[in-house]
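Counting with the numbering used here, you get residues 145 to 260 for the letters of the sequence shown.
Honestly, the hints are just simulated from the structure, not real lab data.
Please read these numbers as outputs of a predicted model, since none were measured by experiment.
Treat the hints with care, since some could be wrong.
In silico BS3-like links for lysine-lysine, alpha-carbon gap of 27 Å or less [unchecked claim]:
1. 166 <-> 207
2. 166 <-> 218
3. 186 <-> 207
4. 186 <-> 218
5. 186 <-> 229
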Amino acid sequence: VQLQASGGGLVRPGGSLRLSCKASGIVLLFSTVTWYRQAPGKERELVAGITSDENTNYLESVKGRFTISRDSAKNTVYLQMRSLKPEDTAIYLCNAYTSVSDTNIWGQGTLVTVSS
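Between the sequences and the hints, there should be enough to build the whole structure, so can you do that?
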């Protein structure tokens, strides 16, 4: 059972990236999947989440710029990030919680660097 996060990289301010969180061993359709980020010297913060019934929530500072979505056929959750700012620079991690099995899984981080 694992989550594989990918899609990070170096991008200029104003640019876009799409992060992927692909699962194996669990079905993300039945899970609440959340993207977190942690910048150097700062606490981890919740960026965006999507529940099993497709309710979404976002960190206030990313509303209107980031979109979380799920592709059940690919068992993957995406985080589309647009209009990136230097303050979005962080390691992004995905988490999946499945209430039925009380399973909580973390993927490894993917680094997003926004810099000119």
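query = Taken at face value, is the distance from the CA of residue 207 to the CA of residue 166 at most 27 Å?
reply = 23 Å, holds
task = Decide if the proposed pair is consistent with the structure: residue 186 and residue 218, CA atoms, cutoff 27 Å inclusive.
result = Answer violated: residue 186 to residue 218 is near 33 Å, above 27 Å.
task = Mind checking the alpha carbons of residue 186 and residue 207 for me, to see if they're no more than 27 Å apart?
result = 20 Å, holds
task = Take the C-alpha atoms of residue 186 and residue 229, compute the straight-line distance between them, and say whether it is at most 27 Å.
result = 16 Å, holds
key: Straight-line alpha-carbon gap residue 166 to residue 218, limit 27 Å   = 8 Å, holds
Hint 4 alone, counting from the list given before, is not met by this structure.
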